[in-house]
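Now for the letters of each chain:
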Amino acid sequence: MTEKDFSAQALSHAESLYNTALRMSRNAQDSEDLVQDTFYKAFRSLKQFQEGTNFRAWLFKILVNTYISKYRKATKEKGTSGYDDVEEFSLYGQVHNRLETPTDTPSQMLDRFLSEDIKKAIDRLPDVFREVVLLVEIEGFSYQEAADMLETPVGTIMSRLFRGRKILQKSLWDYAVDYGYVKEKKKEK
Amino acid sequence: MPVDLHVKSHTLSCDEVVVKIYAYLDGVLSLETVSLYKDHLDNCPPCRGFVEFEAKLINIIKTKGGTASGESIPESLRDKILKAIQISGNPTS
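Just so you know, the sequences run in chain order A and B. All letters in the first sequence, in the order written, are residues 1 to 189 by my numbering. All letters in the second sequence, in the order written, are residues 1001 to 1093 by my numbering.
Treat the hints as calculated values from the structure; they're not laboratory data. One or more hints might be untrue.
Stated by the list, open to error - No farther apart than 25 Å at their CA atoms in a straight line, the calculated lysine to any residue pairs in the SDA-like style are these:
{"#": "1", "chain 1": "B", "residue 1": "Lys-1062", "chain 2": "A", "residue 2": "Asp-30"}
{"#": "2", "chain 1": "A", "residue 1": "Lys-183", "chain 2": "B", "residue 2": "Pro-1046"}
{"#": "3", "chain 1": "B", "residue 1": "Lys-1062", "chain 2": "A", "residue 2": "Leu-11"}
{"#": "4", "chain 1": "B", "residue 1": "Lys-1062", "chain 2": "A", "residue 2": "Asp-123"}
{"#": "5", "chain 1": "A", "residue 1": "Lys-61", "chain 2": "A", "residue 2": "Met-109"}
Claimed, not checked - Output of the computed footprint for chain A on chain B, the stretches with three or more beta carbons under 8 Å from beta carbons of chain A:
{"#": "6", "stretch": "1031 to 1039"}
{"#": "7", "stretch": "1044 to 1052"}
Yeah, the Cβ is synthetic: ideal placement off N, Cα and C, and Gly gets one too.
Build the full structure now, drawing on both the sequences and the hints.
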């Protein structure tokens, strides 16, 4: 890949790199530095890029590596405990049982969620779950690509994604109740 | 190449549909299992409702939580990126 090709191609991914950095680090200044570092490193190691492989995934791997080595050192697995009960949670089950608007199906209820609700729920995920949700669910990378980026076995990616999705569902259920998208049944005393 | 006589040895239960939901939606099931999965959905409205809900939820998370509704790059970053590419000069190994 020539330098000219690099500039054109890499710049087209700048926005998704920036948004991923922003939501991994949750800090605007850190995310600018991360993206800048990513471009700097990518440009300098351009010869290591294998033609025919996924250029976008290669850029994201540099971003994720930089993020982990610089910003996530201290957190590691911290914050992942306390979610053992969430695996059984089903947003569908909750909505299905408690939907009080007769015209809505559970699927229609999902349309009520605002962009802010979804983003807030993602932002509140503990680091290791948020990373996988951002890479797989938001950016559309495969399990294997996410595993390469995070240097983690595919099985770990799958279990983190599963738990991440369940934690998201639980948060969204709480918002649905709080904001009146569904009405929670009165608890019997 | 083995010939698939397509004599289905078994069907999927509702529990299996629930367990395999993300493998199905993320496209990592084998073709044979996908076929069994779809057969089940064709014949089981409750599971179909569940799978449609989960698929829509994933789609909503992607569209409403994703880059399309994200932040544009600040001007300051655009300048930094261009600098990073210029300053680094010729790519080296």
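Hints versus structure:
For the given pair, Lys-1062(B) sits about 24 Å from Asp-30(A) by alpha-carbon distance, which is consistent with the 25 Å threshold. As the CA atoms of Lys-183(A) and Pro-1046(B) are separated by approximately 22 Å, the hinted pair is consistent with the 25 Å bound. Taken as a hint, the Lys-1062(B) and Leu-11(A) pair is honoured in the structure, with Cα atoms around 22 Å apart against an allowance of 25 Å. With a C-alpha separation of about 14 Å, the suggested pair Lys-1062(B) and Asp-123(A) falls inside the 25 Å cut-off, and the hint holds.
In summary, the hint linking Lys-61(A) to Met-109(A) is not supported, as the alpha carbons are separated by about 36 Å, beyond the 25 Å threshold. Note: the stretch 1031 to 1039 of chain B has 0 residues with beta-carbon separation from chain A under 8 Å; the three-residue rule is not met and the coverage is violated. Counting residues of the stretch 1044 to 1052 of chain B whose beta carbon lies closer than 8 Å to any beta carbon of chain A gives 3, which meets the minimum of three for the stated coverage.
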